[in-house]
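Visitor: Each chain, letter by letter, is given below.
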Amino acid sequence: MRWVLALVVGFSFLAAAQTPLKRGMELRYSGEAKLQQGQQSITASVQVIDLVTEVAEKGQATVASLRVFQPQIPDRPIPPEAALRFLDIGVSGEEAMVPFEQVVAESPPFPFLANFLRVLPVYFVPLDRLQVGKEWVTKERLLLRPEVDGEVRYQVQGQEKVGDTACWLVTRSLPKPVPVPKMEGVQFAKIADSLWVNAQTGLVVRLKREGTLQLPQGVLTATIQLDLQSVNPLDEATFAQRLKELQAIKAVQQKLGINLLQNPTKEGLDAAENAIAEFQRQFKDSPYLAYLQTWLRIVQSVRQRLEQVEKQGAAIGQPAPDFELPTVDGKRKVKLSDLKGKVVVLNFFAHW
Amino acid sequence: MEKDFWQAYKGKGVVVIGVAVWAEGDAFQRAREFVNKHKLTYTVLVDASEDGKVAQLYGVEGVPTNVVIGKDGKIRYLQAGFNEAGLKKAIEEALKAQ
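The listed protein sequences correspond, in order, to chains A and S. Everything in the first sequence is counted per the working numbering, starting at 1 for the first residue and increasing by one. Everything in the second sequence is counted per the working numbering, starting at 1001 for the first residue and increasing by one.
Just so you know, the hints here were simulated from the structure itself, not pulled from any lab data. Accuracy of the hints is not assured; some may be wrong.
Facing chain S, according to a computed beta carbon distance under 8 Å, are these residues of chain A, among others [what the hints assert, rightly or not]: (1) Leu127; (2) Val219; (3) Pro321; (4) Gly330; (5) Gly341; (6) Lys342; (7) Leu346.
Under the rule of at most 25 Å between Cα atoms (straight-line distance), these lysine-lysine pairs were calculated in the DSS-like manner [said to hold, decoys possible]: (8) A/Lys311 <-> S/Lys1037; (9) A/Lys335 <-> S/Lys1074; (10) S/Lys1003 <-> S/Lys1071; (11) S/Lys1096 <-> A/Lys342; (12) S/Lys1071 <-> S/Lys1088; (13) S/Lys1071 <-> A/Lys342; (14) A/Lys134 <-> A/Lys190; (15) A/Lys342 <-> S/Lys1088; (16) A/Lys331 <-> S/Lys1037.
Backbone N, C-alpha and C fix where the C-beta goes; we use that ideal spot for every residue, glycine too.
Isolated chain A (complex conformation) (with noise of 0.2 Å):
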C-alpha cells in the first residue's frame, strides 16, 4: 500500500500579534521516537531544524522545517522499502489553519514514524490563553493525503516546569476518533499531546506524544518527545544562506523521488549520490549535513541490495563454481564437483 499519511500542520489559533516567532528565527528540537506495532519496535533520535520564513498578519507563520531521522536499528540496514518518501509539501492555510509552506523533507526509517514525527504543529500558545481551565477546539488538517480535518482539542491543565524554566502544561487532544476517508479500517484513534510552553513567551519547549492509528492489520503506537533546545535569530547573511541551502536540498530531492527508491536504477542512484556530495560540497557549514547524510545512507543501503539482488540473480543457472575446502576436523578435503548428482545445499556461516 503506497500511500502518504502527510503531516497535521499548522497551529490554528487565531493569535493577534502575540506570536514569538519572527522571520529568520530558526528552532531546534530534539529528543527521541518509537513505534510500536505488535511485538515490533523501533526508536529512533530526531533532529527537527525548523526556519521561520514568514510571519503574516494574526501571527499567523510559514516555517521551513527539515526534520533528521537518525534511525538506531541495530544489526538492521535500513530497509529500502521503510525508507523513502520525499515529500514536498506546499500546504495553504485554510480557514483557521496557519498558511504552512515546508520544504518537508523526511528519511524516515519508517514511514509512520515519521508521519507522527511531522506532527509537531504547534509552536506556540497565545499568552492570553494560559489560564487554568482554559478551552479551546480548533479544526486542523490532521492529514494532507489524503486530506483529513479533524477537531483538535486543547485544554490548559496548569503549572509545570520543565527545568528552571515556568511553563503551562497544555494537553491537545482528539475529542472523537477521525477516520482516515478512503482507507478502509484507518483511523486516527487517538493523539494525546502534551505541550509544556514558556508562560513567558508562549513558546513550546517541550512536547510529548502519544499516538495510535489504528490499521486493519493492528494498532500502532507511536510516542515521541521532543524538546526545544535553541533558539536563534539569525542575522540576514545566515538566513539567506539557509534558504538557498533549503532550495539546494529541494533540488536533491527532486533526484531522489520516490520512484527511485521503490524502483532503484543505478543511474538514478548515481545521480542521488552525485547530488548530495555536491551539497556538501557547495555547503560545507550546513546544520543541515546531518539530514543529509541521513540519505547517503538510505541510497548506499538501496544500492547495496540492488547490486547484491543483480549479483545473484545472475548465478541462478550458471554452473556452481568449484572449489575444495578441508573439513572442519582437518582430516580430509572436500571438492565440490565430487558431488555432482546430489543436490547439495551450501550453508555460508560465519561464527566470531
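Chain A is already provided as a structure; the job is to place chain S on it using the hints.
Guide: Relative to the frame of chain A, chain S by itself:
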C-alpha cells in the same frame, strides 16, 4: 539446518554442507566450537582465507547465505538470510528436476 534440512533430506539425495567463512583467529577451532555447540552432523568445511575466497566465488556478502545446487551442478537458488520456506521449495524443486 541440522534438523529441518540435513535430517529431513539426507535420505533423499541431498547433501548439506556448511561453509565457515570470515573467522577471526583460528578458523578451524572456531568452526569446531560451533559444530560441537550445535551438535552438527552434516559436513562442515572451513574457508580459512581471510577474505573468504569461496564466499566471493558465490557473491556472498552476508551470512547466512544459502545456495542450492542442482544435480546438474548448476546454481538453482542463492539467497542471503534464512528463508526456510524458500529454501525448502528450492530443494524440493531441485530433487524433482532431472
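Visitor: The structure should be examined with respect to each hint, and the outcome stated for every one.
Guide: Tested hints:
1. For the restraint placing A/Leu127 at the interface with chain S, the shortest Cβ-Cβ distance is roughly 56 Å, beyond the 8 Å limit, so the hint is violated.
2. Checking A/Val219 against chain S by beta carbon gives a least distance of about 28 Å; that is not within 8 Å, so the hint is violated.
3. The restraint placing A/Pro321 at the interface with chain S holds, with a minimum CB-CB distance near 4 Å, inside the 8 Å limit.
4. Hint status for A/Gly330 relative to chain S: holds, with the closest Cβ pair at about 6 Å, below 8 Å.
5. The interface hint given for A/Gly341 holds, since its Cβ lies 5 Å from the closest Cβ of chain S, which is under the 8 Å cut-off.
6. A distance limit of 8 Å between C-beta atoms decides the matter here; for A/Lys342 the minimum to chain S is near 5 Å, and the interface restraint holds.
7. Given hint, A/Leu346 at the interface with chain S, holds; its Cβ is 4 Å from that chain's nearest Cβ, closer than 8 Å.
8. For the proposed pair A/Lys311 and S/Lys1037, the alpha carbon gap of about 33 Å is over 25 Å, so the pair is violated.
9. For a cut-off of 25 Å, the pair hint linking A/Lys335 to S/Lys1074 stands: about 15 Å separates their Cα positions.
10. Proposed proximity of S/Lys1003 and S/Lys1071 is supported: the alpha carbons are some 22 Å apart, at most 25 Å.
11. Of the supplied pair hints, the one linking S/Lys1096 and A/Lys342 holds, its CA atoms being roughly 12 Å apart against a limit of 25 Å.
12. For the proposed pair S/Lys1071 and S/Lys1088, the alpha carbon gap of about 16 Å is at most 25 Å, so the pair holds.
13. For the suggested pair S/Lys1071 and A/Lys342, the alpha carbons sit about 5 Å apart, so the restraint of at most 25 Å is met.
14. Straight-line distance between C-alpha atoms of A/Lys134 and A/Lys190 comes to about 21 Å, which keeps the hinted pair within the 25 Å bound.
15. Our distance criterion of 25 Å between C-alpha atoms is met by A/Lys342 and S/Lys1088, whose separation comes to about 16 Å.
16. Among the hinted pairs, A/Lys331 with S/Lys1037 is consistent with the structure: their alpha-carbon atoms are about 20 Å apart, no more than 25 Å.
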